[in-house]
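Number of protein chains: 2
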Amino acid sequence: MNFLEERIQKDGVVKEGNVLKVDSFLNHQMDISLFEKMGEEFKKRFEGKPINKILTIEASGIGIACIVARYFDAPVVFAKKSKSINIDGDMYVAEVMSFTHNCKNQVIVSKKFLSEEDHVLIIDDFLANGCALQGLISIVNEAGATVEGIGIAIEKGFQIGGKTIRNMGYQLESLAIVEAMDPATGEVTFREQ
Amino acid sequence: MNFLEERIQKDGVVKEGNVLKVDSFLNHQMDISLFEKMGEEFKKRFEGKPINKILTIEASGIGIACIVARYFDAPVVFAKKSKSINIDGDMYVAEVMSFTHNCKNQVIVSKKFLSEEDHVLIIDDFLANGCALQGLISIVNEAGATVEGIGIAIEKGFQIGGKTIRNMGYQLESLAIVEAMDPATGEVTFREQ
Numbered sequence: 027m028n029f030l031e032e033r034i035q036k037d038g039v040v041k042e043g044n045v046l047k048v049d050s051f052l053n054h055q056m057d058i059s060l061f062e063k064m065g066e067e068f069k070k071r072f073e074g075k076p077i078n079k080i081l082t083i084e085a086s087g088i089g090i091a092c093i094v095a096r097y098f099d100a101p102v103v104f105a106k107k108s109k110s111i112n113i114d115g116d117m118y119v120a121e122v123m124s125f126t127h128n129c130k131n132q133v134i135v136s137k138k139f140l141s142e143e144d145h146v147l148i149i150d151d152f153l154a155n156g157c158a159l160q161g162l163i164s165i166v167n168e169a170g171a172t173v174e175g176i177g178i179a180i181e182k183g184f185q186i187g188g189k190t191i192r193n194m195g196y197q198l199e200s201l202a203i204v205e206a207m208d209p210a211t212g213e214v215t216f217r218e219q
Numbered sequence: 027m028n029f030l031e032e033r034i035q036k037d038g039v040v041k042e043g044n045v046l047k048v049d050s051f052l053n054h055q056m057d058i059s060l061f062e063k064m065g066e067e068f069k070k071r072f073e074g075k076p077i078n079k080i081l082t083i084e085a086s087g088i089g090i091a092c093i094v095a096r097y098f099d100a101p102v103v104f105a106k107k108s109k110s111i112n113i114d115g116d117m118y119v120a121e122v123m124s125f126t127h128n129c130k131n132q133v134i135v136s137k138k139f140l141s142e143e144d145h146v147l148i149i150d151d152f153l154a155n156g157c158a159l160q161g162l163i164s165i166v167n168e169a170g171a172t173v174e175g176i177g178i179a180i181e182k183g184f185q186i187g188g189k190t191i192r193n194m195g196y197q198l199e200s201l202a203i204v205e206a207m208d209p210a211t212g213e214v215t216f217r218e219q
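Residue numbers (the numbering used here), protein chains in the order written: chain D, 27 to 219; chain L, 27 to 219.
These are calculated hints, taken from the structure and not from any lab test. Treat the hints with caution; some may be incorrect.
[As the list claims (entries may be wrong)] No farther apart than 25 Å at their CA atoms in a straight line, the calculated lysine-lysine pairs in the DSS-like style are these:
no., chain 1, residue 1, chain 2, residue 2
1, D, K107, D, K137
2, D, K63, D, K75
3, D, K107, L, K47
4, D, K106, L, K47
5, D, K106, L, K107
6, L, K41, D, K137
7, D, K137, L, K138
8, L, K106, D, K107
9, D, K137, D, K75
10, D, K63, L, K63
11, D, K107, D, K138
Given only the sequences and the hints, what does the whole structure look like? Please build it.
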């Protein structure tokens, strides 16, 4: 097990309905030294890629992205979620379905901060069905920028997102891929990487 | 002028209605090396305080808080904004008025992550009327924790928030205090510190 898998075993809480709570270290309280290890690991896995920008999505991706960005010496841009449809023309917009909140959201990024010169590493805390991630990818493509890779903390390997994104040909690196969770025992099974 | 005031002069954009756009380096695209300078400066200004936790609020406070946290070797907790009223009993809740969006929001923090043992540095990107900040303070107080200080990137000195918070006796440190802005010339006047 790597450092993140170990931490999930130790502090993650498995709930009914395939819910994995990691709010004590990842997405409500945030362990910055853990994020630094994640930054080091992503730096290794994306070695040699000409990454000059980190893209993430509010809110829980931002903390990880900012710490990871230190290892790439790159600025972070975070996509905003918006329910409004009154977006002016200066924004890239993607529609994404939120399963958690059962509604459609718009994901927006100002055109000022993504262009065809950008080589983008997308960072997020979770990957499940991949809707948010596909929104981010479509925004990078709309900008004419290049997706150099995608770095995820925890992928739910039993949901469709990871497979879809890998089938599209992207280098997707998830530090922990959960294959199964048992709410009765609290046990989490990880995919061998 | 300090490093942040210089950056605001260089890259901030003054709009009608006392709007200062700093989205190219602070709250949409984020300049991590700038955040590191902010961390160093806050470390100096809160020297000797027994800070063991950083509290911020989603979304644009999170990036700054995570980088600042490195200088205090402390975890970050971010308060979530919620419109729903179905909060279970495990949450601290504060009601805050959002002037930007002209609505009332709830600000919530899980009780697991704030207790009477915590000595909290509150971090946010902007201080204007101070509503969000008062919500965070009330949550820290509800938890029985101690507010050791408040670190803000940009304070709008012509709005009431800073005065209110300082009158309450808190050590509030704003790295740049804007006294006036002229949308015609783009000029920003800072308070001498």
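Checklist entry - Hint numbers the structure violates, sorted upward? => result 7
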